[in-house]
Structure formats: C-alpha cells, structure tokens
Amino acid sequence: MRDGASLAQRRFRDIVPPLIDDAYTLAKWLCRNCADAEDIVQEAAIRALKALETTAVDRPKPWFLAIVRNAAMTWIGRNRPQGLAYVGDMADLDAIDPRLDEAAPDPEAALIALEDGERLRQAIAALPGSQREALIMRDLNGLSYRDIAEATGAPIGTVMSRLARARAALAKTLKAEP
Amino acid sequence: MSTEPEDRGLRLNAALDGELEPMSALKFERDVAADPALAAEFQRLRSLRDAVRRHAPREAAPKGLADRIAGLAPAASPPVAAVVPFRRPAWSATRALALAASFAVLGLAVGAGVTSLRMQSPSHGVARSLVSDFARAEIAGQPYDVASSDRHTVKPWLAGRTTVSASIVDLAAQGFPLAGGRVAIVDRIPAPTLVYRHNEHMVAVTELPLDARGAHEGGGIETIDGYHVARWFDADLAYVAVSDMDEKTLADFVAAFRQARQLPAVEKR
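Protein chains in written order, with my numbering: chain A, 1 to 178; chain S, 1001 to 1269.
Same shape as in the complex, but just chain S (with noise of 0.2 Å):
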C-alpha cells in the first residue's frame, strides 16, 4: 500500500463505510487515536455523510407506483386461475385471515395500464383493488389521507382532489363516526373514498361515476382474501365498500348510509 493522498482518502472512506478488513480496521483505529490530523478528517468526512443522508433522504415511492408494479405479478390470480375458474386455495379461515393482508399489499392491486393483461372481470378488478387498498392503508396505520370528523373538512379536500363529488353522510348517531377521507385510483380515475369508524373497525366506502368499469356490477356482500366488500349503486353513483368488520355490521352500515344519502336534509351535490 502506498501512502499517497489518493490512497488516504479511499481508505478514509472505507472506513467510514465499513469496508476495511479486521486487521486494516485495527490499524486504521490505531493511526486515528495517534494522528490529530487524521481523526480530524474522518470526522468531517463522517459528518458529510450524515448531511446527506439527512438533506437526500431515501424516499417513499408513490403508492401508485407500487401498486402498478405489484399489479405486475398478482398473487391472487395466478394464470392458471383461468384454467381452473374460481378454483380458492383450501385455506383454514385464520390462514387465509393472516395471509391475505400480505397478499394484498403485495400484489392484489390492479394497477393502470395493466389491468388489461388481467384474465378476470373488471368489477372484481376494481374491487380487488380497493380491498388491495384497505389493506395497505390499514398496515401502514394510514387508513385516510385527511383525518377529520368533520364532513365540512373532508368535502373540500376531496373536491380538490377528485371528479366525483363526495355524497358525505353523517353516521355518527348511526354508530359509525366519520375517520377521515382519501383518494383511491380506480381504472386511472381520481375517486373518493369515505373512512368511517365503528369500534376498533373500519369501513372505506369509494365512490364512482356510474359508467366506471363495473360500476353496476355486484350487489350484496362478498368476501376478498378476508374482507367484506359491499357494492351498491343509486341514481348518481356506484359505491364500493371495503370494511375489516363482520358481514351483519357492514350490512347494517350499508343501510345506514343508503338511508342517509336518500335524506333530503344531508349535504347535496
């Protein structure tokens, strides 16, 4: 090893990232403790490098972007799925339970621009999507993007956001105070979604222009990899509701909100 400036400075830097072999990192301790100089110079090489990761920090990407890439490789429809039709995995319920919050945020999402190389209806597309949703809001302990009771803070924040205006319903009385609000994509399309609280529970109900793909489809209650989702249309709008609650709960709040919305009195428009 030659002792050139050039040679100090790569190893100064191998051992700031611990690079150095045991016995050079030895040494290299020891040539600090005995050179002023030197322990001078790994101290501000130490704090640059601690500038940069403070100010450059690694970023979160885009939950679009992780959800079209999970869409790349579903885990939930697998190609031989359209060999064998609706062919489930014999799971025990608690298996499925567990397993499915991992499948969703892995991979249930179907993402824009991929959903055409899905081999499945569109209306299960979007509520795959959803549920893909609920659970990764869910994990990440994010379950809305604004969080307010107040339906008069979450109406303009969505407004802001989306082309469907919010039908935002209080259920307070109901049981079902509102959480908060967030922006689901559905087929590229900004849409509103609603977090309402029942106990420790949540239901996300998404609102959709009624000619989105699969906006008439369903009805009544199904369940995807662990979670109830409800699916309703009126004379305006499709709604989809994605709940970690029981199927009787989540059908008591269906009617609780289809009741409220029918309500001349609640907020229009």
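Looking at chain A on its own, in the form it has when it is part of the complex (with noise of 0.2 Å):
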C-alpha cells in the first residue's frame, strides 16, 4: 500500500504538473469560465494521484484531461441551471440546446477578421458542451483527433463531426451580428 502511494507520487510529479495550465484552460472553458475551474483541477489531481497507484500512463496528456473532464462534468452535474435536465454527458447537454440546428457551412470572411475577441469568447462559451471540449482540446490544448476520442470516450468520427459543427457555428454566430 505504502510502495503504491510513494509509486504513484512518482507517477505523479512526472505527469501532472507539467499539465496544469492545460487541465486550468480545458476547466475553465468547460465550466464556462467559473470561478470554480480551481477546483476542478484540483479534483482531478486528486483523482489522478490515486489511479496512479495502479495504473502507469501511456500518454500522459490525453489521460490527464480525460480526468480533468470528468471532474468537470461532476461539477456540472451539481451546478445545473435550473430547469435543465441532466443525466450525466455532454452529449446529453445537446439533446436539450436548442443550438443544436446544422450550422451554414460557409462562414464569410469578413467577420474572421474581426477584432472583436469577447464576442468570439462568447460564441465558444455558448456552443454545446460537446462541441465546446472537442474545439477547446484540439485548439487549446492541441490534442489530436485520436487524443480527443479517447480522452472524451466518443469515436472519431463522432470528435470529427463535433469539431467541424462547432467551427461552423462559431462561424455562423459571428456572421449573424455583425
């Protein structure tokens, strides 16, 4: 028991620290900017120290956030707005966001080059949940498409569709207030 714990701190200084500011940003867009991000990384830090007793990590970035994300989704859970059913995924969120219609697939180039960060902070900020983690991953934490499937369970192709809907609709958001 003691060789596991002192195994898994070892495991543990190598892996997480290094992936702090990553897990801070993915919490903080996933909670959508709470205050509580703090937290949830902390949580998962947690968590990761103590599945590190049993478990050695292949990749380290992909595991952690899985972990962070989960965190997150606990977090969630108990902090719904009201009148939201929740049952436990982000892609439960969607089935309910009234967001979810096809995006136009054809932004206009004009409203890319805007200068307008916080309407674009905004527009992420409200894109579904799963939307919103697949771009956050890829974008912010540069995960790959293989990292994101295995770190939010979902298959690739399914990553792949989320990441282009959110990239339309962020499109399309900004394109529609100009």
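A couple of the hints might just be wrong.
Said to hold, decoys possible - Covered by chain A, according to a simulated footprint, are these stretches of chain S (three or more residues, beta-carbon under 8 Å):
(1) 1020-1032
(2) 1040-1049
(3) 1053-1059
(4) 1064-1075
Said to hold, decoys possible - Derived CB-CB ranges, DEER-like:
(5) Gly117/A with Ser1024/S: 29 to 39 Å
(6) Glu1004/S with Leu7/A: 25 to 35 Å
(7) Arg78/A with Ala1235/S: 16 to 26 Å
(8) Gly153/A with Leu1020/S: 18 to 28 Å
(9) Ala126/A with Ala1251/S: 34 to 44 Å
Please keep in mind that the hints were generated in silico from the structure rather than gathered at the bench. Since this is a predicted model, take the numbers as computed values, not measurements. Even glycine gets a Cβ: it sits at the ideal position worked out from N, Cα and C.
Reassemble the complex: the two chains are provided individually, in unrelated frames, and hints are given to aid placement.
Okay, here's the thing in structure tokens:
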C-alpha cells in the first residue's frame, strides 16, 4: 500500500505538473469560465494521484485531461442551471440545446477578421458542451483527434463532426451579429 | 468517400488540423489548387482557428493551484522519511544544487489544505514552501509582482494584499537594494515578501504574524535544497529569508535588516 502510494507520487510528479495549464484552461471553458475551475483541477489531480497507484500511463495528456473533463462534468452536474435536465454526459446537454441546428458551412471571410475577441469568446461559451470540449481540446490543448476521442470516450468520427460543427457554428454566430 | 457537404466540412477540418493521411493530404492540396472556392473556404476556416487561439488563449494556472497540486506529491519528503528520519540523499553538492530547483518547482510546496497530509514539522513546511516560492520565482524570471526600488511604491502595493503590514527598510547603502515585492501564501494567509538584490543574487524576506504556524521555530541559517534560509523574529513579527546568496552574505543581510528595523527613524507601521 505504502509502495503503491510512493510509486503513484513519483508518477504524479512526472505527469501532472506540466499539464496544469492545459487542465486549467480546459476546466475553465468546460464550466463556462466559472470560478471553480481551480477546484475542478485540484479534484482531478487528487483522482489522478489515486489512479496512479494502480495505473501506468502511456500518453499522459489525453489521460489527465480526460480526468479533468470528468471532474468538470461532476461539477456541472452539481451546479446545473435550473430547469435543465441533466443525465451525465456532454452529449445529453446537446440533446436539449436549442442551438444545435446544423450550422451554415460557409462562413463569410469578413467576419473572421473580426477584432471583437469578446464576441468570439461568448460564441465559444455558447457552444453545446460536446462541441465546446472538442474545440478547446483541439485548438487550445493541442490534442490530436485520436487523443480527443480517447479523452472523451467518443468515436473519432463523432469527434470530427463535433469539431466541424463547432467551427461552423462559431462562424455562423459571428456572421449573424455583425 | 462520398462528396456530401458534411464530408466536405470534415475533410476541410481534418486538413486544417493536420489529420489527413499523406496521400489524402496530397489529394487535398491538389483540389485546393484547382478549386478557388475550396481554397477560400479553407482560408476562412484557418482564420477562424487563428482567431480562436488569439482570443481564447491557453491560460496559465494560478500559482496557488500549481502549488497545491505539487503539494499532493512532494518530492522531498516521501513516506519513507517518516520511517528513517532525516535521511538525506547522498548527493554531491553540485548535483543537489542542480536538482534543487526542479524539485522545488515540482513538489516542495506545501499547498494550503494538504498540510495535514505531510509528516513533518509545521515550521519546516513553511520554510520549504518559501524555498519553493523562491525557486519558482527565480526560474520564472519574475522574482517579484511589483518591481520597484522605492519602498513607498512597494509598501502600499503589499498593504492592499496582505494582513501583515510590511516593514520595508532601505538597505541600499549596505549593498542590498530593494528590487520589489510579492505575496507569498503561508498557511492560506497572504504574507508580504520583500525581494532585495545583491549583485546577481536575491534574497526574499517573508514576514509572518507571530502567531503563524512555526513562527517561533528556527533561528540561525539552514540549507534547504541548495538555498539558504534564515529565520528570526522580533517583538512584532517573524521573518523567513530565503536566498541564493552564500551563508555569510545572508548572515550580513539579516544583521543589516534587523539593525535597520530597530532604528526608530525607519518607516514604522
């Protein structure tokens, strides 16, 4: 038991500290910039330390970000907005999200040169959960499609379409409010 | 592969993300060269991606969070330390110095809230935590949050952020000009920390209330992971000074600091 704990600590020191910035960024976006991102990451770190007693990790980044994601979902589940039925997965949030309509695949070039970062950030925050997480993991955390699939437990084709829809939705939102 | 609009979108995104197989990527490049509409669409997608990265950048975790997480798996006090007290690794001095910084950053911090998990004296925990702060600040190249050699700038900055009123003394004449100030978190309490310079070296003095954990411990100079740590207290406050200066110079600094503190002319309160 003691050995397991000290082995876990050694693994933890190698794996987790370099990923804290990524974890924090992801947590912030998943819970829509909530003040609890720190708690989410800390909770994830505690879970990771526990898991490392029995697990050796091949590819730390998708592994740890998956834990952060799950910790964030626990948080979202506990703090969901009133009237929102929540079952336990980002995809469930999509199912009741009115914004899920197919987005126009053809964004205007003009709007993309926008300087209004705040509007873009709001548009990202307004994305359905599963699309937002795919976008953040890809563009901010720099995960590959395969890593995102691993971290979210979704098939790679699903990851691809979430990402494509997220980007199309951003383009559409930005176009709609010039 | 079908050529439906959805697949077209997936392919554009995959190309943008560098996820196409080499042969598919080659085909995509040729298609883009032959199809201006496709090229324009690809360019818009790229601009959007760049805008996302620019306006929603990856953020650095707050230092307190990094410290708490490092504190979950402290490198310097593995559980065996409780069984074999005071056993220190038989490193050469050079190696110890080389490793000290990385260890400090990785795991020496005693995070608020995990202190109770550590099997060591509270005072040692405080000193370690401050050594960790020092090493981190040094490596980050940002030894202070407010940079000023003027104590009338540093004092109000610290006063707005801490509960202890910093006693800032001017030691430039003794060879230790003020470089700036920062806030250290000791036992969840923000504590003012003054950074003085000596040639290319630094010393960071953290002031703690006398009732802080471990405030009365120590005395003299000890070495933690290659850094020298001096601790003392006077009637009002306890002090912990961490430095990369040699022991003798640190002792000189402490003497100068204590003497300056006792002079009535020095800024009070």
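Each hint tested on the structure:
| no. | hint | in the structure |
| --- | --- | --- |
| 1 | 1020-1032 | violated (count 0) |
| 2 | 1040-1049 | holds (count 8) |
| 3 | 1053-1059 | holds (count 7) |
| 4 | 1064-1075 | holds (count 10) |
| 5 | Gly117/A with Ser1024/S: 29 to 39 Å | holds, 33 Å |
| 6 | Glu1004/S with Leu7/A: 25 to 35 Å | violated, 51 Å |
| 7 | Arg78/A with Ala1235/S: 16 to 26 Å | violated, 48 Å |
| 8 | Gly153/A with Leu1020/S: 18 to 28 Å | holds, 24 Å |
| 9 | Ala126/A with Ala1251/S: 34 to 44 Å | violated, 60 Å |
When the structure is compared with the earlier hints, violations turn up for hints 1, 6, 7 and 9 and for no others.
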